[in-house]
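Mind docking chain B on chain A? Use the hints.
There are 2 protein chains.
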Amino acid sequence: MRRTITGFSNPTVKFLRSLRDKKHRKAEQCFLAEGLRLLIDARETGRLPQMLVMATSRAPHPLLDALESDAAAAGGEVIEMDEALLAKVTGKDNPQAVCGVFAEFDTSLAGIDRVAAPIWLVAQALRDPGNLGTLLRTGDAVGAGGLILLDDCADPFSVEAVRASMGAIFTQSVAQATWAEFAAWLRQDGGQLVAASLRDAQPYRGAPYAAPCFILIGNESRGLPQEYEDACDLRVTLPMLGRADSLNAAVAGAVLAYEVLASFTPDP
Amino acid sequence: MRRTITGFSNPTVKFLRSLRDKKHRKAEQCFLAEGLRLLIDARETGRLPQMLVMATSRAPHPLLDALESDAAAAGGEVIEMDEALLAKVTGKDNPQAVCGVFAEFDTSLAGIDRVAAPIWLVAQALRDPGNLGTLLRTGDAVGAGGLILLDDCADPFSVEAVRASMGAIFTQSVAQATWAEFAAWLRQDGGQLVAASLRDAQPYRGAPYAAPCFILIGNESRGLPQEYEDACDLRVTLPMLGRADSLNAAVAGAVLAYEVLASFTPDP
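Residue numbers (the working numbering), protein chains in the order written: chain A, 36 to 303; chain B, 36 to 303.
In short, the hints are calculated from the structure, not lab data. A quick note: this is a predicted structure, and the numbers were derived from the prediction, not measured. Just to be clear, a hint being listed does not mean it is correct.
Where chains are identical, the list cannot tell them apart; a pair therefore holds if satisfied intra-copy or between any two copies.
[What the hints assert, rightly or not] Taking lysine-lysine pairs in the DSS-like style, the calculated list, with each CA pair at most 27 Å apart, reads: (1) Lys57 <-> Lys127; (2) Lys127 <-> Lys58; (3) Lys61 <-> Lys123; (4) Lys49 <-> Lys123; (5) Lys61 <-> Lys49.
Just chain A, with the same shape it has in the complex (with noise of 0.2 Å):
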């Protein structure tokens, strides 16, 4: 059954506004993700809202109907609201007519099956939850298991993060950790660890990749510790042909992810 919330001061409108903290995600355990698509890709991959919160003026549309049942069926909320109270809950003038609630993902290193994949991206203190989506995007294009991040990343349950993931934070599994953890879980087993470095290093083409690869990144403006990349077991160079000596962390993740799926794939 929907329900039907009319005024700004309902505490589910100040519960949703809420989720765009990362303090009250936290308490609530719980976080927002907005857009069809989105909530199509994670009803294909299981994941159903704990709450949907559509827009009276929505278009109709037969998957938004099938999610409507599904959620239900499962226990989950239906609200509808006008346009102008989701607006309210976005923060956007021109809000997606549909949103959901779902229950925030394990993200302990236990979680991690380093064998279901042959590429696993990481990155270190990563600040901008844009970059951490656009990660979680490339990750799931080039058949990586997961993202796992370290020390005081931004919150992969962000706004931001899940709309830049494009659907991948449902798909791809998501670690959080601090170095030592980290380090300790990843020589418990087999598996490379690589970053790009500008010492010590070979071209990041043709260079030994080895499955399941993980591929550190570093922080947007201080790149990685140098104790970092000490650890690693392969430190390649992109080339930086212009005045700059640094890419864009998601862009240099993805390069890196490329040319490691290319190396792992075999000529046709």
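Relative to the frame of chain A, chain B by itself:
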């Protein structure tokens, strides 16, 4: 000589604030670049600010001194204001201690010398200034000549694009044109137009790229119009192993650009 500004209602403060807005940038034909690093990059490529703005609380820096004397010698204005006022100008709580106002460059296709570089990036209806700046930064890294913006793109002189370019706004050529203008210009002389596409395409790896190679990147949500894809000399596909059918625009451009660069580089 330095001029000190103390009041929020000062016309110079209003002028500087107005440059966050595209309409005012077009009217004034100038743009804002923030941070010492960016201003040093500009100076090293021969561009000096018309107006140099420094926080009174800044740390002394020999390169800032050199910048100040060069800017003043070239007829530029040097202004000091306290950090709180600079925060109003930049719209940030913790503003960089220095920013500069630069004259906008010529962005006509006539300014593009296609044989000056083997790679050129071309973006169509790119809406995100961060993606735009990231493409400039990637272009600098791969030795591209510049970025050609087709149809209704974000403004390359916006504060966000300039920041994301990490100085490449000063090293890369930038042109703005309609598709019709660009297509006519391109075919006046040699040049290969390449796009990532799902239709009638060959693997991006090992495709027959030829310089000058123009890498065409489509709009973030709609991709390239079919007419534009049809006009390409080469259509290539990138592996998409997951659920999504596209990459972030700046990521796709970077993966392609690094592949084209590798194909132009003899094996070591």
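Hint check results:
1. For the identical chains of this complex, Lys57 and Lys127 are neighbours both inside a copy (18 Å) and across copies (20 Å), given an alpha-carbon limit of 27 Å.
2. When the C-alpha separation of Lys127 and Lys58 is checked against a cutoff of 27 Å, the pair qualifies both within a copy, at 21 Å, and between copies, at 22 Å.
3. When the C-alpha separation of Lys61 and Lys123 is checked against a cutoff of 27 Å, the pair qualifies only within one copy, where the shortest distance is 21 Å, while the shortest distance between copies is 32 Å.
4. Within a single copy, Lys49 and Lys123 get their C-alpha atoms as close as 10 Å, which meets the 27 Å cut-off; across copies the closest is 30 Å, which misses it.
5. In this assembly of identical chains, the alpha carbons of Lys61 and Lys49 lie at most 27 Å apart only when taken from the same copy (16 Å versus 41 Å across copies).
When held up to the earlier numbered hints, the structure conflicts with none and fits them all.
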